[in-house]
Amino acid sequence: MISVIGDRINPGFKATRALVEGSDLAGLQALAAKQVEAGAVALDFTLGPRGKSDPAFLADAIRAVQNAVDAPLCFDYPDLAVQRACLEAYDPRRTPIINSLAETRWEMTELLKIRPCRTMVMASERLEGGAGRPNRSAGEIASTGKRCALRLMRENGLAAGDIIVDVSVSALAADTGGLNRAALEAIGRLGSDPELKGIHISGGLTNIGQQLPPKAADGSDLKRQLERAFVTVAVPLGFDTVLGTPWHSFEPLSEDNPVLVQFRHILTLSGTDVMRAVRKLYRPA
Amino acid sequence: MKENEQRLLDAIADMKEDEALALAKAMLDGGENPLRVLELCRNAMETVGKRFQDGEYFLPELILAGEMLENIGLMAKPLIQKGGAAAAKKHGRVLIGTVHGDLHDIGKNIVTFMLDINGYEVKDIGIDVPVERFLEEIRAFQPSVVGLSGFLTLAFESMKETIEAIARAGMRDKMKIMIGGGQVDETVCKYTGADAFGNNAMAAVTLCRGWIEA
Chain A
95 MISVIGDRIN PGFKATRALV EGSDLAGLQA LAAKQVEAGA VALDFTLGPR
145 GKSDPAFLAD AIRAVQNAVD APLCFDYPDL AVQRACLEAY DPRRTPIINS
195 LAETRWEMTE LLKIRPCRTM VMASERLEGG AGRPNRSAGE IASTGKRCAL
245 RLMRENGLAA GDIIVDVSVS ALAADTGGLN RAALEAIGRL GSDPELKGIH
295 ISGGLTNIGQ QLPPKAADGS DLKRQLERAF VTVAVPLGFD TVLGTPWHSF
345 EPLSEDNPVL VQFRHILTLS GTDVMRAVRK LYRPA
Chain B
67 MKENEQRLLD AIADMKEDEA LALAKAMLDG GENPLRVLEL CRNAMETVGK
117 RFQDGEYFLP ELILAGEMLE NIGLMAKPLI QKGGAAAAKK HGRVLIGTVH
167 GDLHDIGKNI VTFMLDINGY EVKDIGIDVP VERFLEEIRA FQPSVVGLSG
217 FLTLAFESMK ETIEAIARAG MRDKMKIMIG GGQVDETVCK YTGADAFGNN
267 AMAAVTLCRG WIEA
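Which chain is which? The protein sequence lines are A and B, in order. So in my numbering the end of the first sequence lands on 379, straight run, no missing numbers. So in my numbering the end of the second sequence lands on 280, straight run, no missing numbers.
Each hint should be verified, as a subset may be incorrect.
[Said to hold, decoys possible] Within a straight-line C-alpha distance of at most 25 Å, the following computed SDA-like cross-link-like pairs (lysine to any residue) qualify: (1) Lys116/B - Lys146/A; (2) Lys82/B - Leu363/A; (3) Lys108/A - Glu112/B; (4) Lys374/A - Glu122/B; (5) Lys189/B - Thr366/A; (6) Lys207/A - Leu220/B; (7) Lys116/B - Arg373/A; (8) Lys374/A - Cys255/B; (9) Lys82/B - Ala92/B; (10) Lys374/A - Leu220/B; (11) Lys146/A - Leu220/B; (12) Lys374/A - Ile172/B; (13) Lys291/A - Ser237/A; (14) Lys146/A - Glu252/B.
[Claimed, not checked] Chain A regions said to be covered by chain B (calculated; three or more residues, Cβ under 8 Å): (15) 131-143; (16) 167-173; (17) 225-237; (18) 298-307.
Bear in mind the hints are in silico, worked out from the structure with no lab data behind them. No residue lacks a Cβ here, since even glycine has one placed at the ideal position from N, Cα and C.
Isolated chain A (complex conformation) (with noise of 0.2 Å):
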């Protein structure tokens, strides 16, 4: 069974945006709920900019979402100040997740003391010789997941269920470098690892379809079909829990579906073969 998270409290959306610029706490409310109802075990929360400019508004929008639903707040701002206002307005009583730690900004880690917190760790990026790398390959970007997972184990304290390593869903437009392929042999690395028993690995899934049509070639939903593919292929290697919208189906796909079958042809793919295995998904042959 794969867990969501749900994403739509972020300015990203259109219809979010409007309720963060017109400080709509009675709309967040009733977008939270919506997701919880839709089966959301935790709600990622950004308000983009104004989260930063704007603490006050951050306080009492992270207070209106938390009387509105029970389901634990996913704090998604790669940036300690921020974070720390996020954790000293929420609820005492739940536990947050923080979203995101990674291996470059290890910093982040001092807002586990402040109180117990839950993690979200980037495993696409790295730190090396003191400078961040983002992660191409499958090794590196385990590797990484690995190394962060295991230092707040026995560094910080953290139980595995508490950390959810993110391996990065990447836009399959634009994956020529074999990015999606790479996350999910990395899934599989994870999860077939005995020293990491027992952590979630996750992954932001409304980016799989970025710049594509609405509409598959046999008139299905392009991108509703490309989330459910990659859920389909890595669930099985150990992925179970999705950032996404939870009105989306996550079901797996039946095998001899055409999304699927093409969703796995790319990611033997590289270069621009890539997009020309793309455009047969919504280019009727």
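Given the coordinates of chain A, assemble chain B onto it according to the supplied hints.
Structure of chain B alone, referenced to chain A:
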């Protein structure tokens, strides 16, 4: 327009890659002016760009058309050098980089590619670029447009810092600044002090056309 010229233009615009490359090769082998062939390719890219903006084409078509143009350019380049003809004049200079704290580069790389094949002289200064490096590169490269890329929400702050530093250095009026990345929108654009934002590679090309060629 000659028949073979129209066929080349149509082949590129209709994503017939093999046909487009074969036609271009035949034209170049037959003595056609390589600069004329490249002009046709750019005209075809205009059609591809319009179809993208009209929602008929998507990112894969942009990238594949760009690759066709790039490959034909490689065929034409030695002939241009051999003939002593001047290379096509670049429209203007664009400096682009991912702001500090952010390591994402997929979108930036696509924008760089699209600007390049659309005739701009682009300097890509990489990822996680500190403010001071942006200032140094701007002083040295003298771009008409600066593109700041970032995917993470923390990038908005870095974009703001970078633009403020450009202003403090007295260079803000000498250039247009565009931002792009995962979640940029009007609000982020206003917050950072950029002139405009784009959510796809063609938007960057359109912005540069409006600014540089106006």
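Now for the hints, and whether the structure bears them out:
1. Between Lys116/B and Lys146/A the alpha-carbon distance is near 38 Å, which puts this suggested pair outside the 25 Å criterion.
2. As the CA atoms of Lys82/B and Leu363/A are separated by approximately 20 Å, the hinted pair is consistent with the 25 Å bound.
3. Pair hint Lys108/A plus Glu112/B does not hold up; C-alpha atoms about 30 Å apart against a cutoff of 25 Å.
4. For the hint pairing Lys374/A with Glu122/B, the CA-to-CA distance comes to about 14 Å; that is within 25 Å, so the pair holds.
5. The suggested pairing of Lys189/B with Thr366/A holds, with an alpha-carbon distance near 23 Å, which does not exceed 25 Å.
6. A hinted pair counts as satisfied when its Cα atoms are at most 25 Å apart, and Lys207/A with Leu220/B qualifies at roughly 22 Å.
7. Our distance criterion of 25 Å between C-alpha atoms is met by Lys116/B and Arg373/A, whose separation comes to about 18 Å.
8. Distance check on the hinted pair: Lys374/A and Cys255/B sit about 35 Å apart at the alpha-carbon level, beyond 25 Å; violated.
9. Between Lys82/B and Ala92/B, the direct Cα distance comes to roughly 15 Å. Compliance with the 25 Å bound is thereby established for this hinted pair.
10. About 36 Å separates the Cα atoms of Lys374/A and Leu220/B, which puts this hinted pair outside 25 Å; it is violated.
11. With a C-alpha separation of about 10 Å, the suggested pair Lys146/A and Leu220/B falls inside the 25 Å cut-off, and the hint holds.
12. In summary, the hint linking Lys374/A to Ile172/B is supported, as the alpha carbons are separated by about 22 Å, within the 25 Å threshold.
13. For the hint linking Lys291/A to Ser237/A, the alpha-carbon distance of about 15 Å falls within 25 Å, and the restraint holds.
14. For the proposed pair Lys146/A and Glu252/B, the alpha carbon gap of about 17 Å is at most 25 Å, so the pair holds.
15. Here's how the segment 131-143 of chain A fares: 3 of its residues keep a CB closer than 8 Å to some CB of chain B, so the rule of at least three is met and the hint holds.
16. For the segment 167-173 of chain A, the stated coverage by chain B holds: 4 residues have a C-beta nearer than 8 Å to a C-beta of that chain, and at least 3 were required.
17. Here's how the segment 225-237 of chain A fares: 4 of its residues keep a CB closer than 8 Å to some CB of chain B, so the rule of at least three is met and the hint holds.
18. Here's how the segment 298-307 of chain A fares: 4 of its residues keep a CB closer than 8 Å to some CB of chain B, so the rule of at least three is met and the hint holds.
In this structure, the hints that do not hold are numbers 1, 3, 8 and 10, in rising order.
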